[in-house]
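Residue numbers (numbering that gives the first Met the number 0), protein chains in the order written: chain Y, 0 to 443; chain F, 0 to 335.
Hints in this document: simulated from the structure, not taken from any laboratory. By construction, the Cβ of each residue, glycine as well, lies at the ideal position given by its N, Cα and C atoms. Be a bit skeptical, because a hint or two may be false.
Stated by the list, open to error - What follows is a list of derived Cβ distance ranges for each label pair:
(1) F:Q266 to Y:K414: 52 to 62 Å
(2) Y:E328 to F:V78: 56 to 66 Å
(3) Y:D196 to F:A203: 28 to 38 Å
(4) Y:H163 to F:D97: 43 to 53 Å
(5) F:Q266 to Y:G264: 45 to 55 Å
(6) Y:N410 to F:V78: 47 to 57 Å
(7) F:E4 to Y:H163: 37 to 47 Å
(8) Y:Q405 to F:A203: 25 to 35 Å
(9) Y:D27 to F:L298: 47 to 57 Å
(10) Y:D196 to F:Q62: 25 to 35 Å
(11) Y:E23 to F:E87: 15 to 25 Å
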Amino acid sequence: MFDSLSERLQGVFGELRGHGKLSEADVDKAMREIRLALLEADVNFKVVRQFVNHVKERALGAEVMESLTPAQQVVKIVNEELIALMGSGDSRLAFSGRPPTVILVAGLQGSGKTTTCAKLARFLQKDGKRPVLIAADVYRPAAIDQLVTLAERVGAPVYAPGAHVDPVDIATDGVAFAREKGDVAIIDTAGRLHVDDELMEELVRIRKAVKPHNILLVIDAMTGQDAVNAAEQFKQRVDIDGVVLTKLDGDARGGAALSVRAVTGKPIKFSSTGEKLDDFDAFHPDRMASRILGMGDVLTLIEKAQTDISDKEAARLEERLRRADFTFEDFLDQLKQVRKMGSLSSIVGLLPGVPGMKELKNAQIDERQMDRIEAIVFSMTPEERRHPDVIDGSRRQRIARGSGTQVADVNRLLKQFREMKKMLKQMAGPKGGLLGKLPGFGGP
Amino acid sequence: MDWHEAFKGLSSDLPAAAAEHEDEERRGLFGRLRENLGKAGGALREHFRTILFDGITDDLWEQIEEALIFADVGVEATVRIVEQLEREASEQHLTSRDELLGCLAGIVARLLQPDDPDERLIDVSGEPAVILVVGVNGTGKTTTIGKLAFRLAELGKTPLMVAADTFRAAAVEQLSEWASRVGCEIVRQAPGSDPAAVVYDGIAAARSRGAGVVIVDTAGRLHTQVNLMNELAKVRRVIGKQIPGAPHETLLVIDATTGQNGLRQAQVFAEAVAVTGVVLTKLDGSAKGGIVIAIREELGIPIKLIGVGERLEDLRPFDPDEFARALFLDETPAGS
C-alpha cells in the first residue's frame, strides 16, 4: 500500500541526497514532486496545498540549511507533517462503563461495512470482548444473510429480525439483545449516499435511538477526491467519531486517509487489509506515515505476532529453530503459525523496506501454493515427516496421489526442505531460524 | 441514446412494451439522469462560475486544472486536457466563460468518443451471448447485473444469471433476489464452489434452456490479488472453451468515487480478462467519475454503461456528449 507515493518521495529524496546543501530551487523541486505525488495518490487538492505549504515553510527554515544531512531532514519534516495531518497517537474505541458499548457502522455503498463489522467483532473478541452483531441493512438484497453468515464464522451472536423491520427498531432491539448476549453491540447499516437526505435522516434517527458510543465511518482506500465530501457530510449529519479505512491490501495509494483526517479532524481508527477476517488492525497514523515514507511497519507486525502467537508457542518454535533439528512436523507447525497471522502478502506488506524493494514487491506469494505444500506434508506418514530421507520413488508417487499434486511438486518441496535444513544448520546459533528476521521470533 | 441502440444483436422488432417504456423514459428518465449528473457537476460548475467571471487570468488555468483534478480526472490527463483547451481557446479566440466551458466539454466528449461507433455497443448477438462482469470489491457488479438483465428481458432477450461469486457471504442470495425481481433464471451452486465449475454449468444450462444472454457475476477481487486474478482468467478460459469467441463482452464495473487507482484496476483487469467495456456506477452521488476519461484515453477501453441510482431502471447507456456536457454545462443535453 502507498508504495507509489513512497517510491515517488524516495525518488525526490534520492535526488536531494546528492546535494550537500539545499537551495531554494531544490526545495521547490522537491515540493513540486511531493505535490504531484500527493495528487496522484488521491489526496484532496486543498489538503495537498495546505500540506505542501507546511512542509515548504519548514524545509526553507534554518534547520534544513544548517543540518548536516539535508535530505534526511526533509524526510523527517514530511514524516512529521504526515503524522500531524493524520492525527497522532492511538485512536481507541470508547468503551462504556455500563455495557453494552454501542458501535454504529456507516458508510457509502460498497465501502465494506458488513465485512468491517465482522472483522471488528473478531478483533474485539481477541481483546476479550463479547461482541454482538446487529443486521440493520434492510435495503441491499441479502445483506442480512451476509452478516448472519459472517457472524457464524466469527462465532458472535447476531440479531437479525429481517428486512421488513424498521432499521431504527432493529437497532434499538438489537442493543437490548446485546445487553443479554454480550458486551459490545455492532450495528451494520445500509450503504447510503451522503446526498441521500432520506437515508441520512434514517441514520440520524438510529443515532438518536441508540446513542452509540462510537460511530464509525467506513471509507474505501481507493476513494478519490470525493472522499472529503462524503466524510464531511457524514460528520455533519451524524457526527462520526472515527474512520475505518478498507481495502488497503490493494495498491491504491490511499490519499483518502490523509484527506479525510484533514477535513473532518476525526481519527482513522482501523485499517482493513485483506480477504480474511483477521486482516484488520488498529490504525496508527505515525506508523502509517513511516509506511508512506517506505520505512515499513514493524510495530504492527510485532503486535500481530503477539496476539496471534502465544509466548509459549513462540518459545517452542524458537527452540526448534535453534536446534536446527528441523522436521516436516516443525515445518508444518511453523507454516500454521505464520498463516494464523493473516495472509502472507499482508504480512510481507508490513515488513520494512518492502515498499521500495522492487524484486520483493513483484515476488508473488501464492497462498494456494501454501495449501499445496500443506497437502503434501499431510500426505506423509509421521515417519516420513520426521525422517524425510526415507521418501523414495514409490513413496513420492503415493504422496503426490494423496495430496492431489504431481510427483514434481513433491520433489520440489523435498529439495526446498533439504536446502532450508542446510541453511538452518549454517545459521544455527542464537540468531538462527527461518523466522529470526521477523520481530517477535527471537531475532536481533 | 436509447437502450435498444446500446446493443448489437437485438431482434429488429422491439417488443411494444419496451418501445413505449423508452418513450416514457426519454421524457422522465433523462430529466432524472440530468438531475443526477447535475448533482455531480454542480460543485464543479460552481467552481467554474466563480473563477470564470473574472475573465482569463494567470490563475485561471491552474484553477481549471484543479477543477479537473477534483473530478478525479488525474494529473496526466488533466495536463493534456488543459493544454488542448489552451490551444483551442487561443485558436478560436475564446473570451467568455460559456465559450470556454463549451470548448472544455467538447474536448472531454471527444476523448470519450469511441473511434468506431460500434465499439460502444454491447454485443448480444451470440447464441447464447455471454457477458462476464468483473471488478474490485464493492463497485456494484451484482446490482449492475440485475439492472442489465432487466433491460435485456424488456428488449425481448432471455437473460440467465450465473452466480460465480461463490466467495463473498450471501453473494449468491443477493443475485438470486435480483433474478426473482427481473423474473429470469439463475444458475447457482453451494458457497465455496469452484467459480469455473459454476460457469461451466451455467453455460450448459443456458444452451439446454435456450437462454439468449448469459450474464456471469464474479466475486469482487482487488487486482493486486494474483491468485484471484488467475482464477478469473480461468473462468474466462472455461467460457471460451465452451463457446468459441465467448465471453462476447467482459464488463469492468468501476465505482465513480474511485480515484486514480481506477486506471490501475482497468489496466490489470484488461490484461487478465480482456475487458471490452467499462460500467461506471454510483454517479448519483457527488463523485464525478473523471477517472473514466483517463481509462478511455490511456487504455482505449470504451465506457458502455452508467449507473445513476438503485432502482432497476437506473442503468443507462453511456453517452460521451451527455456525460461531458452534464459535467461542465448548465444547459440541457442535446437530443432530449
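Verification of the supplied hints:
1. Taken as a hint, the range 52 to 62 Å is violated for the pair Q266 of chain F and K414 of chain Y, whose Cβ atoms sit roughly 36 Å apart.
2. For E328 of chain Y and V78 of chain F, the Cβ-Cβ distance of about 59 Å falls inside the hinted range of 56 to 66 Å, so the restraint holds.
3. Checking the proposed 28 to 38 Å range against D196 of chain Y and A203 of chain F shows it is violated: the Cβ atoms sit about 47 Å from each other.
4. Between H163 of chain Y and D97 of chain F the CB atoms are about 51 Å apart, so this pair conforms to the stated range of 43 to 53 Å.
5. For Q266 of chain F and G264 of chain Y, the hinted distance range of 45 to 55 Å is not satisfied, since their beta carbons lie about 35 Å from each other.
6. The given range of 47 to 57 Å is respected by N410 of chain Y and V78 of chain F, whose C-beta atoms sit roughly 54 Å from each other.
7. Against the hinted window of 37 to 47 Å, the Cβ-Cβ separation of E4 of chain F and H163 of chain Y comes to about 40 Å, which satisfies the hint.
8. Taking the beta carbon of each, Q405 of chain Y and A203 of chain F are about 29 Å apart, inside 25 to 35 Å as hinted.
9. The given range of 47 to 57 Å is broken by D27 of chain Y and L298 of chain F, whose C-beta atoms sit roughly 33 Å from each other.
10. One distance hint, 25 to 35 Å for the beta-carbon pair D196 of chain Y and Q62 of chain F, holds here, with the actual separation near 30 Å.
11. With their beta carbons about 36 Å apart, E23 of chain Y and E87 of chain F fall outside the hinted range of 15 to 25 Å.
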